[in-house]
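K.L.:
Residues per chain, in single letters:
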Amino acid sequence: MNTIASLQIGEMGVILEESLDRIPLKLLEMGCLPGAEVKLLQIAPFNDPIYICVNGSHLAIRKETASQILISKF
Amino acid sequence: MSKTQIINVALIGNPNTGKTSLFNQLTGLNQKVGNYPGVTVDKKQGKCKLPNNQIALITDLPGTYSINPTSLDESIVLKTLLSNNELEKPDVIVVVADVENLKRNLLLFTQIQDLEIPTVLVINMADQMRRKGISIDIQLLQKELETDVVLISARNAAEINKVKEVIANKNKIDKPKPVCKINHKIDAEYFAELQKVTPNYSLYELWLMVTQNSFPEKVTEVEKQKINEFRSDISKVKRYQHKETIYRYQAINRILKATYKVDASKATDLRSRLDKIFTHKIFGYVIFFGILLLIFQSIFDWASAPMDFIDEFFANSAEFVKSQLPTGMFTDLLTDGIIPGIGGVVIFIPQIAILFFLIAVLEETGYMSRVVFLMDKIMRKFGMSGKSVIPLISGTACAIPAVMSTRTITSWKERLITILVTPFTTCSARLPVYAILIAIIIPNKKLFGFLSLQGFTLLSLYVLGFAAAIISAYILHRTLKIKNTSFFVVEMPNYKLPSLKNVFFDVFEKTKAFVLGAGKIILAISIVLWFLATHGPSSFKDAEKSVIENANNSQLSEEALQQKIASAKLEKSYIGIAGKAIEPAVKPLGYDWKIGIGLITSFAAREVFVGTLATIYSIEGVEDEATIKERMTAEIDPKTGEKRFNFATGMSLLVFYAFAMQCMATLAIVKRETKSWKWPLIQLVGMGILAYVSALIVYQFLK
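Quick mapping for you: the protein sequence lines, in order, are chains A and B.
According to the UniProt record's numbering, the stretch in the first sequence is residues 1 to 74, in order.
According to the UniProt record's numbering, the stretch in the second sequence is residues 1 to 703, in order.
Some hints could be false.
The calculated lysine-lysine pairs, modelled on DSSO-like cross-linking and capped at a C-alpha distance of 27 Å, are [as the list claims (entries may be wrong)]:
1) LYS520/B to LYS26/A
2) LYS39/A to LYS257/B
3) LYS322/B to LYS501/B
4) LYS26/A to LYS381/B
5) LYS483/B to LYS377/B
6) LYS47/B to LYS377/B
7) LYS496/B to LYS26/A
8) LYS481/B to LYS63/A
9) LYS483/B to LYS322/B
10) LYS243/B to LYS39/A
11) LYS257/B to LYS73/A
12) LYS73/A to LYS103/B
13) LYS26/A to LYS703/B
14) LYS39/A to LYS32/B
15) LYS185/B to LYS39/A
16) LYS49/B to LYS32/B
17) LYS238/B to LYS26/A
18) LYS483/B to LYS675/B
19) LYS32/B to LYS63/A
20) LYS103/B to LYS39/A
21) LYS49/B to LYS26/A
22) LYS43/B to LYS79/B
23) LYS26/A to LYS501/B
24) LYS43/B to LYS26/A
25) LYS26/A to LYS675/B
26) LYS224/B to LYS185/B
27) LYS63/A to LYS103/B
28) LYS322/B to LYS26/A
29) LYS483/B to LYS63/A
30) LYS281/B to LYS63/A
31) LYS512/B to LYS26/A
32) LYS276/B to LYS496/B
Residues from chain A shown here face chain B by an in silico Cβ test under 7 Å; the list is partial [unchecked claim]:
33) GLY10
34) LEU33
35) LEU59
The set of hints was computed from the structure by calculation and includes no laboratory data.
The structure displayed is predicted, hence computed values, not measured ones.
Even glycine gets a Cβ: it sits at the ideal position worked out from N, Cα and C.
With the rest of the complex left out, here is chain A (with noise of 0.2 Å):
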């Protein structure tokens, strides 16, 4: 299964709907909605944070919690 946390830098995905329950309420407020696209612009040094675009929002989030949400990749 993709997640976030598998995209190399410069792909993108759709979050899928089956990670509603997982994706926290914040992120959810920020953007970070099933069927919204997401595309990977950094790493950081390290392997850690990752560095995304998604909904139009500029975000940095953890691998942790981006390994949580599910996508399918274009």
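Starting from the structure of chain A, add chain B where the hints point.
P.N.:
Coordinates of chain B only, in the frame set by chain A:
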């Protein structure tokens, strides 16, 4: 509504939307920073005259992405909005959104609209629209959102007047209708029952009471109990919150589809190009450490001239006042107590203002978020978060705002560790102590022909402070058993040029708060010290006589005699007695009873050390108005006949001040932020032991 009545206006919006710029534009210098009752969150308020001559009291609420709080700052927003206290409750809410992130900003807007308080939407940074290819159908957006929408660029005065006009008109309108009306979609029956609890609150207010377990003052116990029943199944509440957010975004997407267009071809990739440099695996760190070096360099280079000027000015003022006023108790209090006391506070202003200025610029440009991103993984190894970098840097100005800035860290363990170790960073109160000791014990020479030896010593002390912070963080990380329940999310705002006005206000407010806060303590202690040093028990009065009697046998000059009398008096004064009492404890560290007095008074605040010695030595040297540094250099240890501030004693003092927790104001803030005396006590004792032992080792080794 009468014309003289003041209306309450709350400014609310996501972070980085230019909310503070709008606040500064609306209120000008007519603002003040207070505190919310019970917490230390800054409450920024200002007055503004509306076109109809009404006065609006504008409150700048902390930036938040949603009404559902995840931090202390954000919970203030919820509290203010739910409040039913006439003075707190806003009459009009201005939601500030930024044109580029309108979708996410509208989430907060729809939540607030549902509270049924008159709400205005202000879309900021309109000057960016053309460049970014954004177009908005304002008429349609107003219709869809059922509210007034104003497009502004916070620096345009005409548009600011439009905001004032809308606020003035808005206040007449009755309760707005909620835009989302989503509750029946989630669970019609559940929400119908919830509304039945009481008609005094809107359905959304009741829903917030359910989800946040936070109640306005006037909610009765019976109502509370009924509301609490709705949260009996907490996982259902959580699910409904998720659904609520999704429905809100669906409504927003529908509205924006018709009103908001972006021409993608106009988009520049400046952000991604800058990000590639600033978050680069190597250049990112090089740039960050370069900026850190620049910060430290500027603290010393830019601040040294004004500081020397202030130092001279106060020494001259004391001399001038002394020459103009008749000798006596009052003149002594003025020239030996109050003037040096005020000087000891004012001398910090250049360094603190420069530090606050540089930090404000870094935050305004959006660079600070990149530092958070860059440093998170490293900081996590030490039990902290990337967000801990900001408190640790701010700590180089003052631990008090630094401890308060940890509030953005959502994980309690990461936040607690950051709070506990922040006082190790070299704050500006340590600087005068370091500066004077270094000037005395380290020769003014160049290392390898270019590196100032004094500057290098100071840099080493900064490194020592950071190292102590990092190592103790690691120990705390390994020993504290606190489960991490929250997660990390940071918005990466777009880069922008800092607004000088915002930076100026920020620096002005923070410097003022520091000077007034710490200044009161320092001035009070200076006066108390002066009194304790000029009064004493019965033996104090005999001191002068006995010196003169003894002196009759030897051939002393008049000046040397006066010096001896002053010395004897100081020794027999109250403060001399206290200093002597702790002398046995500090002797192994290389200190005498005069330095002991400085240590005692430093527990109020470190910088008092210099002021204390200034007071002690100015009482001693009757005729001489030289600066404190010259006096300390000249001080002789009577037993050995050598300089009192020799290399070993100086180094021992430097190490002691690097580690010891000598700031009552910080302890008080830590107590408030951690809500217990346990943590500040652990800080006080732990850092105290470390300081004593390290200073002991240093002195015994170098002696």
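K.L.:
If a hint holds in the structure, say so; if it does not, say that too.
P.N.:
To see whether the hints hold, each was checked on the structure:
As the CA atoms of LYS520/B and LYS26/A are separated by approximately 41 Å, the hinted pair breaks the 27 Å bound. Between LYS39/A and LYS257/B the CA atoms are separated by roughly 21 Å; this keeps the pair inside 27 Å, and the hint holds. The straight-line distance between the Cα atoms of LYS322/B and LYS501/B is roughly 42 Å, outside the 27 Å bound, and the hint therefore fails. Using a Cα cut-off of 27 Å, the hinted pair LYS26/A and LYS381/B holds, with the two alpha carbons roughly 25 Å apart.
About 18 Å separates the Cα atoms of LYS483/B and LYS377/B, which keeps this hinted pair within 27 Å; it holds. The hinted pair formed by LYS47/B and LYS377/B fails the criterion: a straight-line CA distance of about 44 Å is larger than 27 Å. Restraint check for LYS496/B and LYS26/A: the C-alpha separation of about 25 Å stays at or below 27 Å, so the hint holds. Only pairs whose Cα atoms come within 27 Å are accepted, and LYS481/B paired with LYS63/A is accepted, the gap being roughly 23 Å.
Proposed proximity of LYS483/B and LYS322/B is contradicted: the alpha carbons are some 62 Å apart, above 27 Å. The straight-line distance between the Cα atoms of LYS243/B and LYS39/A is roughly 24 Å, inside the 27 Å bound, and the hint therefore holds. Between LYS257/B and LYS73/A the CA atoms are separated by roughly 25 Å; this keeps the pair inside 27 Å, and the hint holds. Proximity of LYS73/A to LYS103/B is assessed by CA-CA distance (about 24 Å); at most 27 Å being required, the pair is judged to hold.
The hinted pair formed by LYS26/A and LYS703/B fails the criterion: a straight-line CA distance of about 58 Å is larger than 27 Å. A distance of roughly 43 Å separates the Cα atoms of LYS39/A and LYS32/B; the hinted pair therefore is violated under the 27 Å criterion. Taking the CA atoms of LYS185/B and LYS39/A, the gap is near 31 Å; set against the 27 Å cutoff, the hint is violated. Only pairs whose Cα atoms come within 27 Å are accepted, and LYS49/B paired with LYS32/B is accepted, the gap being roughly 16 Å.
Among the hinted pairs, LYS238/B with LYS26/A is consistent with the structure: their alpha-carbon atoms are about 12 Å apart, no more than 27 Å. With a C-alpha separation of about 18 Å, the suggested pairing of LYS483/B with LYS675/B holds against the 27 Å cut-off. A hinted pair counts as satisfied when its Cα atoms are at most 27 Å apart, and LYS32/B with LYS63/A does not qualify at roughly 42 Å. Simply put, LYS103/B and LYS39/A have alpha-carbon atoms about 17 Å apart, close enough for the 27 Å limit, and the pair holds.
Annotation: proposed proximity of LYS49/B to LYS26/A is violated, straight-line Cα distance about 37 Å (limit 27 Å). Proposed proximity of LYS43/B and LYS79/B is supported: the alpha carbons are some 13 Å apart, at most 27 Å. Distance restraint check for LYS26/A and LYS501/B: the Cα-Cα separation of roughly 32 Å exceeds the 27 Å cut-off, and the hinted pair is therefore not satisfied. Between LYS43/B and LYS26/A the CA atoms are separated by roughly 24 Å; this keeps the pair inside 27 Å, and the hint holds.
For the hint linking LYS26/A to LYS675/B, the alpha-carbon distance of about 25 Å falls within 27 Å, and the restraint holds. As the CA atoms of LYS224/B and LYS185/B are separated by approximately 25 Å, the hinted pair is consistent with the 27 Å bound. Restraint check for LYS63/A and LYS103/B: satisfied, since their Cα atoms lie roughly 25 Å apart, inside the 27 Å limit. At most 27 Å may separate the alpha-carbon atoms for a hinted pair to count; LYS322/B and LYS26/A exceed this at roughly 63 Å.
With a CA separation close to 18 Å, the supplied pair LYS483/B and LYS63/A stays within the 27 Å bound. Distance restraint check for LYS281/B and LYS63/A: the Cα-Cα separation of roughly 17 Å lies within the 27 Å cut-off, and the hinted pair is therefore satisfied. The suggested pairing of LYS512/B with LYS26/A is violated, with an alpha-carbon distance near 35 Å, which exceeds 27 Å. A C-alpha spacing of about 16 Å is found between LYS276/B and LYS496/B, which places the hinted pair at or below 27 Å, so the restraint holds.
Because the smallest distance between the Cβ of GLY10/A and any Cβ of chain B comes to about 10 Å, over 7 Å, the interface hint for this residue is violated. About 6 Å separates the beta-carbon of LEU33/A from the nearest beta-carbon of chain B, less than 7 Å, and the hint is met. Nearest Cβ of chain B to the Cβ of LEU59/A: about 6 Å, under the 7 Å cut. The hint holds.
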